[in-house]
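A.B. asks: Input sequences plus hints: build the corresponding full structure.
Going down the list, the protein sequences come from chains G and A.
Sequential numbering from 1 applies to the first sequence in this note's numbering.
Sequential numbering from 1 applies to the second sequence in this note's numbering.
These aren't lab readings, by the way, just hints derived from the structure by calculation.
Beta carbons are placed, not taken as given, at the ideal position from N, Cα and C, and that holds for glycine.
One should not assume that every hint holds.
[As the list claims (entries may be wrong)] Facing chain A, according to a computed beta carbon distance under 10 Å, are these residues of chain G, among others: (1) 51; (2) 62; (3) 63; (4) 96.
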Amino acid sequence: MKTLRYVPMMLLAFLLLGSAYAAAPIEDLTFASAEEEARYNKLIAELRCPKCLNSNLAGSDAPIAASLRAEIREQLAEGRSDAEIIEFMTARYGEFVLYRPRLSAGTALLWFGPLALLIAGFFILRRMLILQRGEPDPGTLSAEEQRKLQVLLNDKNAR
Amino acid sequence: MNTRLKLFIPAVFFLAMLGLLLFGLSDGRDPNHVPSALANRPVPEFTRPDLFDPAATVSSLQLRGGIFLVNYWATWCPPCHAEHPYLVDISKRAPEITLVGINYQDDPELAREFLAERGNPFDISLVDADGSLGIDFGITAPPETFLVDSSGTIRYRHVGMIDHRVWTETFEPLLAQIQ
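C.D. replies: Shown next, in the form of structure tokens:
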């Protein structure tokens, strides 16, 4: 029957919906304001999970991540600023817990290194191209040279 | 600089990068190692209930004037079960070290039963019921052990269980340094 045609598509849609739950743990939370919720979501996105070092607090299922998310919610409710919460985290877990490292003498290489390499590479490439182009460009031939060329081409005996 | 030598700059750069990356892959380097933010800083201030006498409290002020091993453990943590006999062993072999057991996000009754059944290596036992003390210490999960010197300064944080190899290769040299 005709409706059977739609079964594969519906199955796919169903499976795709399910995959949304494979990412972050779903927590039913209430906040005092939309602003507080926005700050919370930003903080947990930018803080690294201390256990699962390749995910942020938002996407980690580790118990410590859940504890830290709860801690952040508590501090937000107490009225702490974003800077104070970040200071709290780095004092206990180190700079590495920030996905966006703070600019300091130590992290300058991290921040500016790739850009510096890119600029250096650009200049090196430019230099290489200029040196190649330095070879004399024959340009067009004068009338005299054209005639000589024709003689040479036509002269089969010269072969 | 000689033009010829300039040709070698990319090769030198490549070899330098290669060296750096190979060093990163070398044996013994742990990609999960995050240096403790608390290294050489004082033990965080705290007051928590004693495991065996909930009316009494244990405070951070008690971690002075001696060498302390602060061990985070829980009954729901299998590596802590595996580590336990070795802690009992240490408590007998090294009586000059004070072992402090922090029961982390656990049921205190189950914790007391566990210690009664398997022996209690700890000189001081306290309860961190909600894990807030663990956050202050910067732990990720039990078992974790901190070495504290007589001035109350954290000298070393060990993530994972302590076994004979960890003890002889890591802790013993450190203890020799501290004493």
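A.B. asks: Does each hint fit the structure? Answer for all of them.
C.D. replies: Status of each hint after checking the structure:
no., hint, verdict
1, 51, "4 Å, holds"
2, 62, "7 Å, holds"
3, 63, "7 Å, holds"
4, 96, "5 Å, holds"
Hint compliance for this structure: every hint is met.
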